[in-house]
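Q: Sequence:
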Amino acid sequence: SSNSSADWLAGNTTAPNSSINTRTCPHDDDEFKYNAYILTYFLVFPVAFLCNILALVVFFRRKPAYVIMVNLALSDGSFSLTLPLRLAYYMNKGHWSFPDWVCRLCVYTFYVNLYSSILFLTFLSLLRWFSIVYPLHHKKVKSFKLALLTCLGIWLFVAVSSLPFLVSLLLPSRGGIPRCFEPATPQSWSRILSMNYVALIFGFVLPFFTIILCCTKIIHCLTHPHYSQDPKTRMKLRKKNQRSVHLLIMVIATFLLCFLPYHVIRTLHLYAVNGGWNCGVTNLLQRAVAITLCMAASNSVVNPLLYYYSTKNFKEDIEHTRLHISKRLSFRSGSLRSTGRAGSLKVKTQQGLSIKAEDMEQSPLKTQHPATDQQIQMTEKPLGLEETCD
1 SSNSSADWLA GNTTAPNSSI NTRTCPHDDD EFKYNAYILT YFLVFPVAFL CNILALVVFF
61 RRKPAYVIMV NLALSDGSFS LTLPLRLAYY MNKGHWSFPD WVCRLCVYTF YVNLYSSILF
121 LTFLSLLRWF SIVYPLHHKK VKSFKLALLT CLGIWLFVAV SSLPFLVSLL LPSRGGIPRC
181 FEPATPQSWS RILSMNYVAL IFGFVLPFFT IILCCTKIIH CLTHPHYSQD PKTRMKLRKK
241 NQRSVHLLIM VIATFLLCFL PYHVIRTLHL YAVNGGWNCG VTNLLQRAVA ITLCMAASNS
301 VVNPLLYYYS TKNFKEDIEH TRLHISKRLS FRSGSLRSTG RAGSLKVKTQ QGLSIKAEDM
361 EQSPLKTQHP ATDQQIQMTE KPLGLEETCD
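For the sequence shown, counting from 1, position 41 maps to 41 in full-length UniProt numbering; every step adds exactly one.
There is no bait here: all hints are sound.
Distance windows between CB atoms, simulated:
| # | residue 1 | residue 2 | range |
| --- | --- | --- | --- |
| 1 | R287 | H224 | 45 to 53 Å |
| 2 | I325 | F42 | 25 to 33 Å |
| 3 | S194 | S97 | 29 to 37 Å |
| 4 | F202 | L166 | 17 to 25 Å |
| 5 | T216 | I177 | 47 to 55 Å |
| 6 | L43 | L256 | 18 to 26 Å |
| 7 | L50 | Q242 | 27 to 35 Å |
| 8 | L200 | F42 | 23 to 31 Å |
| 9 | F98 | F32 | 21 to 29 Å |
| 10 | L50 | S194 | 32 to 40 Å |
| 11 | R243 | V57 | 17 to 25 Å |
| 12 | L152 | I177 | 36 to 44 Å |
Since the hints were made in silico from the structure, they are not lab data. The C-beta atom is built at its ideal place from N, Cα and C for all residues, glycine as well.
All chains, full assembly: derive it from the sequences and hints.
A: Encoded structure:
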């Protein structure tokens, strides 16, 4: 979801004092990379932030699938909050004007967002597979507590795995200008390549094949049921589970469009930087990294599209949430108006009664007109009723 992995993992092809051939490659791709990131982040930031905030409001309920969606929206929403810092960096022509810990935090947030999103989508696919293939046991698995504990485990695993990018990286510089999202030293190429292998296998390959396996099993189960069904019941069941199939297909499409190009190009770029490939090929791969990173950043916008297929009535949930908020706002405004009216009536009543009482005390005809007291009492009662009814 960011350029951080490309620039930290894939590296800078013009790192100083590098022992590899790429140090002689001209650094002429900054303008292309910066323009691509600026355009992408300008488009992604408002959409990702607003859509994921809406998802948090809609999905904040005690249901297993909703728990996954809430965590996925939290991941994407937290990443979107770092996009203004990235925009400021690239619009400033690669000059980092914030503290170095903010740079490390942005890099760390990228990895946590990227791989937690992948694992949350994988967990959601597993739940869909289990609920369809094993319908008699899915209630035990699809419990709120189990879903919550699994999501917490995913957060913990990704957070701990990404700690090296939070505590061990130095803020790089080029020409005396502080930089961010670029490697600090060229001596860490082997370590970066090893980290890339771990992230590639556990963060992409295994989850991707798990999702494909889930989709295959679900389709096979729907087309070859293991228990006897009449045609009407079978058609009803297929229609009911069609949403799950659509969800898994969209998850696979997300992997193919957002995650697969990024991981493949990042790995090739690392090989090029470490192996001293031709500068033309290396620079071409670095431009490809920028493009695939923009595709990966769009994951924060694509995920809200999956929310429609994650629940039965997502549109109804949005409408219900909107009506609930409108009702609460109208109730509060009505209460304020009622309180204001009641207060003004009370003040007017007290003022009117005090004035009339003073007039009665000063009037020499007070005892000669008892009807006046009765009129005052009669006017008090309607005022009191009006105040109560309001």
